[in-house]
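Engineer: Chain by chain, the residues run as shown.
There are 2 protein chains.
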Amino acid sequence: MTYCVGMTLKNGLVFMSDTRTNAGVDDIASVKKMHTWTVEGDRVITLMTAGNLATTQALVSLLSERSMKPKKRDPSIMKAPTMFQVARLVGDTLREVIQANEGKKGQRTDSVFNATVILGGQIKGMPPRLFMVYPEGNFIEASTDNPFFQIGETKYGKPILVRAYDPEMSYEDAMKLLLVSFDSTMKANLSVGLPLDYEIYETDSYDASRHGRITTDNPHYRQISDGWGDAIKTAFLSLPDYNFDAE
Amino acid sequence: MTYCVGMTLKNGLVFMSDTRTNAGVDDIASVKKMHTWTVEGDRVITLMTAGNLATTQALVSLLSERSMKPKKRDPSIMKAPTMFQVARLVGDTLREVIQANEGKKGQRTDSVFNATVILGGQIKGMPPRLFMVYPEGNFIEASTDNPFFQIGETKYGKPILVRAYDPEMSYEDAMKLLLVSFDSTMKANLSVGLPLDYEIYETDSYDASRHGRITTDNPHYRQISDGWGDAIKTAFLSLPDYNFDAE
Numbered sequence: 027m028t029y030c031v032g033m034t035l036k037n038g039l040v041f042m043s044d045t046r047t048n049a050g051v052d053d054i055a056s057v058k059k060m061h062t063w064t065v066e067g068d069r070v071i072t073l074m075t076a077g078n079l080a081t082t083q084a085l086v087s088l089l090s091e092r093s094m095k096p097k098k099r100d101p102s103i104m105k106a107p108t109m110f111q112v113a114r115l116v117g118d119t120l121r122e123v124i125q126a127n128e129g130k131k132g133q134r135t136d137s138v139f140n141a142t143v144i145l146g147g148q149i150k151g152m153p154p155r156l157f158m159v160y161p162e163g164n165f166i167e168a169s170t171d172n173p174f175f176q177i178g179e180t181k182y183g184k185p186i187l188v189r190a191y192d193p194e195m196s197y198e199d200a201m202k203l204l205l206v207s208f209d210s211t212m213k214a215n216l217s218v219g220l221p222l223d224y225e226i227y228e229t230d231s232y233d234a235s236r237h238g239r240i241t242t243d244n245p246h247y248r249q250i251s252d253g254w255g256d257a258i259k260t261a262f263l264s265l266p267d268y269n270f271d272a273e
Numbered sequence: 027m028t029y030c031v032g033m034t035l036k037n038g039l040v041f042m043s044d045t046r047t048n049a050g051v052d053d054i055a056s057v058k059k060m061h062t063w064t065v066e067g068d069r070v071i072t073l074m075t076a077g078n079l080a081t082t083q084a085l086v087s088l089l090s091e092r093s094m095k096p097k098k099r100d101p102s103i104m105k106a107p108t109m110f111q112v113a114r115l116v117g118d119t120l121r122e123v124i125q126a127n128e129g130k131k132g133q134r135t136d137s138v139f140n141a142t143v144i145l146g147g148q149i150k151g152m153p154p155r156l157f158m159v160y161p162e163g164n165f166i167e168a169s170t171d172n173p174f175f176q177i178g179e180t181k182y183g184k185p186i187l188v189r190a191y192d193p194e195m196s197y198e199d200a201m202k203l204l205l206v207s208f209d210s211t212m213k214a215n216l217s218v219g220l221p222l223d224y225e226i227y228e229t230d231s232y233d234a235s236r237h238g239r240i241t242t243d244n245p246h247y248r249q250i251s252d253g254w255g256d257a258i259k260t261a262f263l264s265l266p267d268y269n270f271d272a273e
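These protein sequence lines map, in sequence, to chains A and B.
Just remember that my numbering sits 26 ahead of the position in the first sequence, which is counted from 1.
Just remember that my numbering sits 26 ahead of the position in the second sequence, which is counted from 1.
Please keep in mind that the hints were generated in silico from the structure rather than gathered at the bench.
Heads up, a few of these hints could be off.
One copy or two, either will do: identical chains are not told apart, so a pair holds if it fits within one copy or between any two.
Unchecked claim - With a straight-line cut-off of 20 angstroms between C-alpha atoms, the simulated DMTMM-like cross-links for lysine to aspartate or glutamate are:
1. 58 / 223
2. 213 / 171
3. 95 / 271
Next comes chain A alone, as it looks inside the complex (with noise of 0.2 angstroms):
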């Protein structure tokens, strides 16, 4: 499985995904999941997959190729005028994907090579926007009432993203929140695993420098997945005793 989270803050978009890939129980390695293009001062353009490897990867790769000399195709996602552009041709191109794996002929598999997109990124000239793409080609467009997108392993980690949600948080607090959803995840299931990658976008920047990974021993981590732990210890002893005499 997988665990992606896109989150729209008031200031930018954030964007972190773990690396963990497997088939079966004893078949596990590590793989990137978020994939960045740029074109300085014009646009940058983030995506994460969960889902079929070879999909995912077919996907990138499309997109990566035709957005290059010599043999461009255009409009690419370099090119595209607005980020539903971009959206519509990377649903195009993944179920253009999906298509092609099931309709050949050969080997059968009973397992699908479905893949869900979570899009994020801005064009100069206009607001930062996020998508979550289905395997069907068609989106759907983060709002104020629906500001984060999950893909893959999405149910453990949702609570607290209900919960401390807030648009108007720093990129500070908006990283501690997304490692506590992923480390709630991480805790409670196999298929999620460290390292993980992030990368935080500024409105109006264009800039997609600042990412990075996050490793077993990164300190801020550690200290948050032990501290989570004391917290929510002391935030359940703070609830008030259950009375079943004053039921």
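Following the hints, put chain B in place on chain A, whose structure we already have.
Structural biologist: Chain B only, in chain A's frame:
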């Protein structure tokens, strides 16, 4: 869907189940998923079910019918000598119901007849035991390493159980913990809903009378649900700030 938790404590067993049942999103009803059989001074057996409602109701009806005169089948769950034998009976009955449905001619369905069961209780002279019974009829037992079982929509409510469960906790704290776990689930997923049923079984009491139903206007539930939102935010703020510079 459904959410049920059965938990072993040093002093007994605690059970909680929601009551929502749905076929699609436009056919929602309330149904009790917790069933208890008692032989005073000899045994208490409690069962919670998740899955196809026709299957789980047939299971409960068969278990009840077969333990009643005049056509009592021995051993029924009221006569089985150990909780292990009760679990076998429940498993066999569950498999029988599922197979009977799947073997039928006539209208076919895509939805499955599966169901999963949490079974707990105590028979005189032996300690309380807790089992999870699978649709195949086999079952696993709780242990100190694996002290609680969840069935149904289990993921949202698991992180808090993993973090805050303690076998020494009081019944009051166990109720608080379960309410937080259920509240986290209900905040994230419409297929789990109030009211909640609970039962507290005290070791060697052979008495199942400590049970009740928690509705929307239960003041403790309201306090815990509202309080948890604030408590978890405070917990979140108490964590050390993420510091990008010190990475």
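Engineer: Tell me, which hint numbers fail for this structure?
Structural biologist: Of the numbered hints, just 3 does not hold.
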